[in-house]
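Engineer: In case you want the letters, here they are:
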Amino acid sequence: MSALTVKLKIDNIEVEVPEGTTILKAARDNGIEIPTLCSLEGLTNYGGCRLCLVEVKGAPKLFPACTTPVSAGMEVITNSEQLREYRKMTIQLLLSERTHVCSVCVANDHCELQSLANKLGVDHSIFERNWTRKEIDSSHDFLVIDRNRCILCTRCIRVCDEIEGVHTLDLKQRGRKAEVIMDLDEDWVNSCSCTSCRKCAKVCPVGAIYIEGEPITRTKNKDVAEFILTRRQRK
Amino acid sequence: MSKEDNRRMLLEKALKEYDFQASALLEILHKAQSIYGYLSKDLLMDIAQSLHLPPSTVFGVATFYSFFNLTKPGEHIVTGCLGTACYVKGSEQIMQAIEREFNVKRGGTTADGKLSLFVTRCIGACALSPAIIVDDEVIGKATKEVVIERIKQLLGGSNQ
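Just so you know, the protein sequences line up as chains E and A, in that order. Per numbering that gives the first Met the number 0, the first sequence starts with residue 0, numbered consecutively. Per numbering that gives the first Met the number 0, the second sequence starts with residue 0, numbered consecutively.
Derived from the structure by calculation, the hints contain no laboratory data. Just so it is clear, the structure is predicted and the values come from calculations on it, not from any experiment. Beta carbons are placed, not taken as given, at the ideal position from N, Cα and C, and that holds for glycine.
Interface residues of chain E toward chain A, partial, derived using beta-carbon atoms under 8 angstroms:
| # | residue |
| --- | --- |
| 1 | HIS166 |
| 2 | LYS171 |
| 3 | GLN172 |
| 4 | ARG173 |
One chain only, chain E, in its complex shape (with noise of 0.2 angstroms):
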């Protein structure tokens, strides 16, 4: 890491982090906290889930604190009543684009969608909800996709990619036809380059990939990538 160092103010906070650092790295390394849900420590950022979105003075827009580097002299505001306004619409957009419905789910209680949406008080969506019914494959020994209760983070393509190393998950399609796959569009069972290594579901910030027969607070597991990459940095 570059031994340079920027100084820049959150939340009118002086802080000073190494050169390069994202907003949300530096926010969280000082103890302030930004919403997040595609984000995941160990994973390349992508900027989908648009949660971290933050205000910087002077500019017009908002920048995506997981992706956007720091830079010299910057005010960084990640908390206010706009920013709230936005998160909130963001995850109730979330909620409507398909089938989530808590009580039903294997991940309740235990989801992060879930635990975000009662953080930043959603308790309803204001959009008309897409009943959506996509389908479940459940062809795998003990892995299950409901593509239903899916939000494109991709952490279980990333965590296949970066981490398992086979890229066995991927998107076909885009917009609201955007599905997770697996290699050719096979069903699990038939995936020729899956190791079965259950890495997706860990990684799965709601209940979309999970293990059959196991109990969710077992599988899900949001630090492996960042424990298997500090390991293998390491030797």
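For chain E, the structure is supplied; the task is to place chain A on it using the hints.
Structural biologist: For chain A alone, coordinates are given in the frame of chain E:
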């Protein structure tokens, strides 16, 4: 069989031209579609292995762009222009009429594999709107009667 070999050779040539670079995926997909007419799963797997790319990535790219066809198109291809000018002039109604008449949905192919119906956005012939392309012939100022008649002629011809 020899036709198949020929196609593979053409694809091989394109792959070599781009030096089997992963970044040439889009060009290769274009080339493959122009050689084979559509992108079958076997073909996508072949391309993925040649470029050393994950199959899921190749599938993702091929489905991201509406230009690529993953199913075998019919013998005859009808493309309706739904660009602004054609739409205003009633191409949507013509498309619906074709869908009803030949029992085919846009983007799909009839059960007998004879006719495919596609949609495009502006073919640059707005002065001729509404424009419907039947095989490679552009029918300008089209009406549903004219278009359906023309398609029937074609389908009748291929039956003989």
